[in-house]
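Protein chains: 2
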Amino acid sequence: MIGSIGAAAAAICIIICTAALQVEAGGAEVKFKYEIKEFQVPLDHFSFLSNATFNIRYLYNDSFVDKKNAHTPIFFYTGNEGDIELFAQNTGFMWELAEKQRALLIFAEHRYYGKSLPFGASTFNASMPDHLAYFTVEQTLEDYAMLITFLRNDLPLPVVAFGGSYGGMLAAWFRMKYPHLVAGALAASAPILQFPGITDCDIFYRIVTSVFQNAYNSNCTTNIGRSWKTFETLGGTEAGKKQISDAFHLCNPIKNDADLKKFLDYIEEVYGNLAMVNYPYNSSFLAPLPAYPVRQVCFYLKDLHQNDADLLHAMASALAVYTNYTNSAKCLDISVNSNADDSGWNVQTCNQMVMPFCSNGTDTMFRPSNWNFKEFSDKCYKDYRLTPKPYDIILRYGGRNIETATNIIFSNGLLDPWSGGGVLQAPNNKVDIIILPEGAHHLDLRHSDPADPPSVRDARNKEASIIARWIQEFAY
Amino acid sequence: MIGSIGAAAAAICIIICTAALQVEAGGAEVKFKYEIKEFQVPLDHFSFLSNATFNIRYLYNDSFVDKKNAHTPIFFYTGNEGDIELFAQNTGFMWELAEKQRALLIFAEHRYYGKSLPFGASTFNASMPDHLAYFTVEQTLEDYAMLITFLRNDLPLPVVAFGGSYGGMLAAWFRMKYPHLVAGALAASAPILQFPGITDCDIFYRIVTSVFQNAYNSNCTTNIGRSWKTFETLGGTEAGKKQISDAFHLCNPIKNDADLKKFLDYIEEVYGNLAMVNYPYNSSFLAPLPAYPVRQVCFYLKDLHQNDADLLHAMASALAVYTNYTNSAKCLDISVNSNADDSGWNVQTCNQMVMPFCSNGTDTMFRPSNWNFKEFSDKCYKDYRLTPKPYDIILRYGGRNIETATNIIFSNGLLDPWSGGGVLQAPNNKVDIIILPEGAHHLDLRHSDPADPPSVRDARNKEASIIARWIQEFAY
Numbered sequence: 001m002i003g004s005i006g007a008a009a010a011a012i013c014i015i016i017c018t019a020a021l022q023v024e025a026g027g028a029e030v031k032f033k034y035e036i037k038e039f040q041v042p043l044d045h046f047s048f049l050s051n052a053t054f055n056i057r058y059l060y061n062d063s064f065v066d067k068k069n070a071h072t073p074i075f076f077y078t079g080n081e082g083d084i085e086l087f088a089q090n091t092g093f094m095w096e097l098a099e100k101q102r103a104l105l106i107f108a109e110h111r112y113y114g115k116s117l118p119f120g121a122s123t124f125n126a127s128m129p130d131h132l133a134y135f136t137v138e139q140t141l142e143d144y145a146m147l148i149t150f151l152r153n154d155l156p157l158p159v160v161a162f163g164g165s166y167g168g169m170l171a172a173w174f175r176m177k178y179p180h181l182v183a184g185a186l187a188a189s190a191p192i193l194q195f196p197g198i199t200d201c202d203i204f205y206r207i208v209t210s211v212f213q214n215a216y217n218s219n220c221t222t223n224i225g226r227s228w229k230t231f232e233t234l235g236g237t238e239a240g241k242k243q244i245s246d247a248f249h250l251c252n253p254i255k256n257d258a259d260l261k262k263f264l265d266y267i268e269e270v271y272g273n274l275a276m277v278n279y280p281y282n283s284s285f286l287a288p289l290p291a292y293p294v295r296q297v298c299f300y301l302k303d304l305h306q307n308d309a310d311l312l313h314a315m316a317s318a319l320a321v322y323t324n325y326t327n328s329a330k331c332l333d334i335s336v337n338s339n340a341d342d343s344g345w346n347v348q349t350c351n352q353m354v355m356p357f358c359s360n361g362t363d364t365m366f367r368p369s370n371w372n373f374k375e376f377s378d379k380c381y382k383d384y385r386l387t388p389k390p391y392d393i394i395l396r397y398g399g400r401n402i403e404t405a406t407n408i409i410f411s412n413g414l415l416d417p418w419s420g421g422g423v424l425q426a427p428n429n430k431v432d433i434i435i436l437p438e439g440a441h442h443l444d445l446r447h448s449d450p451a452d453p454p455s456v457r458d459a460r461n462k463e464a465s466i467i468a469r470w471i472q473e474f475a476y
Numbered sequence: 001m002i003g004s005i006g007a008a009a010a011a012i013c014i015i016i017c018t019a020a021l022q023v024e025a026g027g028a029e030v031k032f033k034y035e036i037k038e039f040q041v042p043l044d045h046f047s048f049l050s051n052a053t054f055n056i057r058y059l060y061n062d063s064f065v066d067k068k069n070a071h072t073p074i075f076f077y078t079g080n081e082g083d084i085e086l087f088a089q090n091t092g093f094m095w096e097l098a099e100k101q102r103a104l105l106i107f108a109e110h111r112y113y114g115k116s117l118p119f120g121a122s123t124f125n126a127s128m129p130d131h132l133a134y135f136t137v138e139q140t141l142e143d144y145a146m147l148i149t150f151l152r153n154d155l156p157l158p159v160v161a162f163g164g165s166y167g168g169m170l171a172a173w174f175r176m177k178y179p180h181l182v183a184g185a186l187a188a189s190a191p192i193l194q195f196p197g198i199t200d201c202d203i204f205y206r207i208v209t210s211v212f213q214n215a216y217n218s219n220c221t222t223n224i225g226r227s228w229k230t231f232e233t234l235g236g237t238e239a240g241k242k243q244i245s246d247a248f249h250l251c252n253p254i255k256n257d258a259d260l261k262k263f264l265d266y267i268e269e270v271y272g273n274l275a276m277v278n279y280p281y282n283s284s285f286l287a288p289l290p291a292y293p294v295r296q297v298c299f300y301l302k303d304l305h306q307n308d309a310d311l312l313h314a315m316a317s318a319l320a321v322y323t324n325y326t327n328s329a330k331c332l333d334i335s336v337n338s339n340a341d342d343s344g345w346n347v348q349t350c351n352q353m354v355m356p357f358c359s360n361g362t363d364t365m366f367r368p369s370n371w372n373f374k375e376f377s378d379k380c381y382k383d384y385r386l387t388p389k390p391y392d393i394i395l396r397y398g399g400r401n402i403e404t405a406t407n408i409i410f411s412n413g414l415l416d417p418w419s420g421g422g423v424l425q426a427p428n429n430k431v432d433i434i435i436l437p438e439g440a441h442h443l444d445l446r447h448s449d450p451a452d453p454p455s456v457r458d459a460r461n462k463e464a465s466i467i468a469r470w471i472q473e474f475a476y
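Line order of the protein sequences matches chains A and B.
Number 455 in our numbering belongs to position 455 of the first sequence; there are no gaps in the numbering.
Number 84 in our numbering belongs to position 84 of the second sequence; there are no gaps in the numbering.
Read the hints as simulated data drawn from the structure, not as lab findings.
As the structure is a prediction and not an experimental result, all values here were calculated from the model.
Take every hint as true, because none was put in to throw you off.
Which copy is meant is left open, because identical chains are indistinguishable; a pair holds if it fits in one copy or across any two.
Pairs of lysine to aspartate or glutamate, DMTMM-like flavour, derived with a Cα cap of 20 Å:
(1) K379 to D392
(2) K262 to D246
(3) K430 to E403
(4) K389 to D154
(5) K430 to E473
If we strip away everything but chain A, and leave its shape as in the complex, we get (with noise of 0.2 Å):
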């Protein structure tokens, strides 16, 4: 049924979901400064059948670099789904240990993302799907490669890679795939298991129901759980349409199943995105929002709640903790998931990133969904022209066959929803594992806070002091 679908493809944006890029490059939360540079790659890096090239963009910060230093540590951010300068300012991790190792900052664009179209603005155009050819894992990964190359420039500079979630899973296959150049990967929240076959498809939603569970009282996932049949009653009439919409300030209300589709899949997406940015402070990464958000969407549904009615309103008050913390929206606009970095997701997940999602309905607090990959995969055909391959990843970055990885650090916060895909025990004595018992999505890459558990303190002490080793080693 198409209704899984639309949840799976939903809950597998990884990081950039909703409104989020609005948010960010509003530019209040900027800290970090740096060029703007342009880098040439070719289009196809694999095929001899054409030498069209485009420019990939990459941020540029060398304030902290000792110029006597003649091997100058390179901190390379391997850019995910998203406008790079979104990574550069949340990744305050990066820049706080470049200061420490005087390294050169680099973040580079994700070609497909941010301004790095190779057709630009015609780069997601519908009727031209050939556009979309070569946005792949290993297209990026060679951008990456040349632009390392040009920036050591024949020098012996020891390059470390760094990336959170999607970036995170590109940092470590760089590391396993290109390990001449870079001294090692430190690849934070990144789940490279959450493949078909590997990986059961409902471990999200189990941690994301655990995750609300354990925030306030366990009241919170019963009315969630309960909800669904509430949205699904009050949908069946006119009245009960409107009485949500209201309820939820709707800037568009719900006139028909379509509508009370998108929404239904709208807060599923939510609950997701809460459980990952349910950080110990305030931020702004995915919506503005208060410190431990699931702490204060539970607050709301701390009592259960019997009747339709209630339970419509303490969850509009709940899920407004998301959708309206700095109380200036006039209305809730559900539809904001359509920017160009959003598509670029989607094209993914209808390629390479096939990661299977579903939830059986009784251990969680989700509706049942089923993985059903043959309707995926004809929605992908349609929206795209794209038969996805599933089982291209596990081929090529082995899966659960590590053994030889080398020079990563996997970090994983256990109240992160993606960590079920992560990389939680070591292949061998040269891969570290470091578990954030209390952390989020990639909580270890942000700034340090004075609000940051001991947990991920200890973390961010481990990963500094493994890079510097790597740094050390590197031969030169």
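Put chain B on the given structure of chain A with help from the hints.
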């Protein structure tokens, strides 16, 4: 100058040069039997431009397999530039070891060679240069990755990759990039360092010269060194052209400077081939040859010749060791290098396999020649509409920076001119280097023979025990 390009292109032909295939495919030496199978692969593994597929061939022999063993080893030959049947017949060591290890034997044919042609008869059609677009190392390794995944069928079967020469390069790179699919690789005479900027371009000709110098007496290389002038002097007159043509029994007599150039390129290539297959017993890998053919050639050149006519006739006798050892040729046809497989390698030198060759003309017995990339690249564009990427291979496989490689044996014979681009020093203790002082081009991969020198027997014993360890250590 075009001369040096011709020479470089000729010498660059790693294994299948001149009339090699005709001799081998005749079947006189067919020792090993197999089923011939086909496997469907995507034309382009790395883009989503089309879903086109084609079939590659592979050879299959399960006669040694212990059907009761749930962990049957697979010995997988990573096919190189030629019909895969040729390699199956000339890789006796794999067959001998498969019997001991009770392994399944697979020989995979390289795309664009033999009968694994993506566009059938029009694959190399000059008017369809786009047909050559997917003829790369990476596409080929992906073919092998998919075939191995299919053959393992989700069973925990240890796979060992084997390859000689360019096939050895593929085996080594395959282990580096797909360590989750192969437990280890035997890379015999694999010049993975024969690329721009990391190995001197004159190393090949210097080693060939050294082999000829030490084969009988030093007059051999002095005569050959002088012969270029003799050919040029004689070639300057009509009578002299006839004299050369008669002495060498050329099927098509030399009529102009272009013919003379072709003839000189041909014999230059023959010297390289002779050094490569300077095996201790009669063989017919590149041509029917006696044991230690370089010694035989140099026997005919043991006396120093001062005048052109004497030298010409000595040269003709000497080279007949290679061109007509069986005494069955009525005349010498120097144009027999236009079969599909030879075309194949020429294409690869024009996309990724850019291996510079040169000679300073004083340290070697060869004509002086420069490596001129611009001219080479222009010729590639003229011939195939291809612009070579000389740094592709180093960018992807690391050049000399292979510190993280594991479970690879690099074996090299010091009498092999390709050893100059081989890995002769271990980057770490998980890579084994085996040197065969008396070895020619991947002698160790051939069947054992009573005439084998002790070093090749030792090499095979070492290789067998290392491979046995990989299989034992394979985690299942």
